[in-house]
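Grab the two chains, each in its own frame, and use the hints to assemble them into the complex.
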Amino acid sequence: GAVVSQHPSWVICKSGTSVKIECRSLDFQATTMFWYRQFPKQSLMLMATSNEGSKATYEQGVEKDKFLINHASLTLSTLTVTSAHPEDSSFYICSASSNTGDGYTFGSGTRLTVV
Amino acid sequence: LAKTTQPISMDSYEGQEVNITCSHNNIATNDYITWYQQFPSQGPRFIIQGYKTKVTNEVASLFIPADRKSSTLSLPRVSLSDTAVYYCLVGDKMDSSYKLIFGSGTRLLVRP
Numbered sequence: 136g137a138v139v140s141q142h143p144s145w146v147i148c149k150s151g152t153s154v155k156i157e158c159r160s161l162d163f164q165a166t167t168m169f170w171y172r173q174f175p176k177q178s179l180m181l182m183a184t185s186n187e188g189s190k191a192t193y194e195q196g197v198e199k200d201k202f203l204i205n206h207a208s209l210t211l212s213t214l215t216v217t218s219a220h221p222e223d224s225s226f227y228i229c230s231a232s233s234n235t236g237d238g239y240t241f242g243s244g245t246r247l248t249v250v
Numbered sequence: 266l267a268k269t270t271q272p273i274s275m276d277s278y279e280g281q282e283v284n285i286t287c288s289h290n291n292i293a294t295n296d297y298i299t300w301y302q303q304f305p306s307q308g309p310r311f312i313i314q315g316y317k318t319k320v321t322n323e324v325a326s327l328f329i330p331a332d333r334k335s336s337t338l339s340l341p342r343v344s345l346s347d348t349a350v351y352y353c354l355v356g357d358k359m360d361s362s363y364k365l366i367f368g369s370g371t372r373l374l375v376r377p
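Chains as they are written, first to last, in my numbering: chain S, 136 to 250; chain D, 266 to 377.
Take the hints with a grain of salt, since some may be wrong.
Each pair of labels, with its calculated beta carbon distance range [what the hints assert, rightly or not]:
| id | chain 1 | residue 1 | chain 2 | residue 2 | range |
| --- | --- | --- | --- | --- | --- |
| 1 | D | Lys364 | S | Arg246 | 20 to 26 angstroms |
| 2 | S | Ser178 | D | Gln281 | 49 to 55 angstroms |
| 3 | D | Glu282 | S | Ser140 | 32 to 38 angstroms |
| 4 | D | Asn284 | S | Gly151 | 46 to 52 angstroms |
| 5 | D | Thr321 | S | Gly151 | 17 to 23 angstroms |
| 6 | S | Ala207 | D | Ser288 | 18 to 24 angstroms |
| 7 | S | Asn186 | D | Pro330 | 34 to 40 angstroms |
| 8 | S | Ser153 | D | Pro305 | 41 to 47 angstroms |
What the hints contain is simulated information worked out from the structure, not anything from laboratory work. We put the beta carbon where it would ideally sit given N, CA and C, even for glycine.
Next comes chain D alone, as it looks inside the complex (with noise of 0.2 angstroms):
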């Protein structure tokens, strides 16, 4: 099972761009990218997924380089309501019985 390594906390201010990485050394080739939110007394969301180079979608960027070891979610123009637990999990997208396991996540706090 990879695992993944994130900064456990970030301080931003609203209209900032934030980009949060991680690291996936044992990353595998099967493996796809993934980054949930998670707000307090919630399930975690989805927010985007790849599995190399870079995919865009209404709310995030996420980077990945050519090694796939690491990626980077990049969260344009943050507002307060983006204040959230932020977690990147790497598993076999197409195997519905996959586990995935949470790292510690990275716990964003965006200032007025």
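Chain S extracted, bound-state conformation (with noise of 0.2 angstroms):
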């Protein structure tokens, strides 16, 4: 089936920092990913759209400038949190559909504690 893959699976910064997580779509391309987060005990909340070739649509409520994505080819969309704070430490996931209709894979998710 549809692999995603999400590096790093874990991550500590200093405040203040920025931290880039990436999202492959290994065995199938994907024009569209989607990044959510999670804290504790919550369920996943839509971030942005990552967009193959042009800019990320972004949930309201989201910083595009704090929560810089690219999605420069169709196999690969990264998350760049700038200066980063406390209180974005958070479970950060990403997924993608392969368009074959099973559905969306995710990432196995990054855990961003920063400190």
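Next comes the structure, spelled out in structure tokens:
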């Protein structure tokens, strides 16, 4: 089946620094990928839609200058958390559809801790 | 965007059958119903998908009535490892740009 690889699986960074998270579709091309954020004991919240070759579209309330999304190829989307603060600590998950009718495939997630 | 409603939590015991019902009153004609399972600190994992009537795979069954305004995920003979959060989502599976919006999910606890 379709596989989405997310890297790193966890990262600790200092407040004020930036962190990049990668999301790759391993065996299919994804013109669209999605980025979610999940706080403990809560559901996944959609942050943005990543579109290959064009600007990402952000959900209401998500700062586009803070969460930079780049989708430069059909198999790679990156999320950069800029000037991270402790409140950005969360579990970030990406997903994509292979368009084979098997639903969306999710990455394994990235646990970001800002200290 | 269709909204789904599920029970917040359910308890069960090993070996029992568990049925989780989801309501999606505003489901669109092109929408399919998909269920995902999520363990702590992992991404959601696809369980089953259907459009109408009944779908069965090696891990679960999905029952969808004719009006498609609800669906029921059936997990036969659950084990401790089935303790997880289960999400019901609706969307056009043939549209790769369709945004999946997660509801609260159902937190299933399987006891020994």
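Against the structure, the hints:
1. Against the hinted window of 20 to 26 angstroms, the Cβ-Cβ separation of Lys364 of chain D and Arg246 of chain S comes to about 24 angstroms, which satisfies the hint.
2. Here the CB-CB span from Ser178 of chain S to Gln281 of chain D is close to 25 angstroms, at odds with the stated 49 to 55 angstroms.
3. Taken as a hint, the range 32 to 38 angstroms holds for the pair Glu282 of chain D and Ser140 of chain S, whose Cβ atoms sit roughly 35 angstroms apart.
4. Checked against the hint of 46 to 52 angstroms, the C-beta distance between Asn284 of chain D and Gly151 of chain S comes to roughly 49 angstroms, which is consistent with it.
5. Against the hinted window of 17 to 23 angstroms, the Cβ-Cβ separation of Thr321 of chain D and Gly151 of chain S comes to about 52 angstroms, which falls outside the hint.
6. For Ala207 of chain S paired with Ser288 of chain D, a C-beta distance near 40 angstroms fails the hint of 18 to 24 angstroms.
7. At about 36 angstroms, the CB distance of Asn186 of chain S to Pro330 of chain D agrees with the hint of 34 to 40 angstroms.
8. At about 27 angstroms, the beta-carbon gap between Ser153 of chain S and Pro305 of chain D misses the expected band of 41 to 47 angstroms.
Of the numbered hints given earlier, the model fails hints 2, 5, 6, 8; all others are met.
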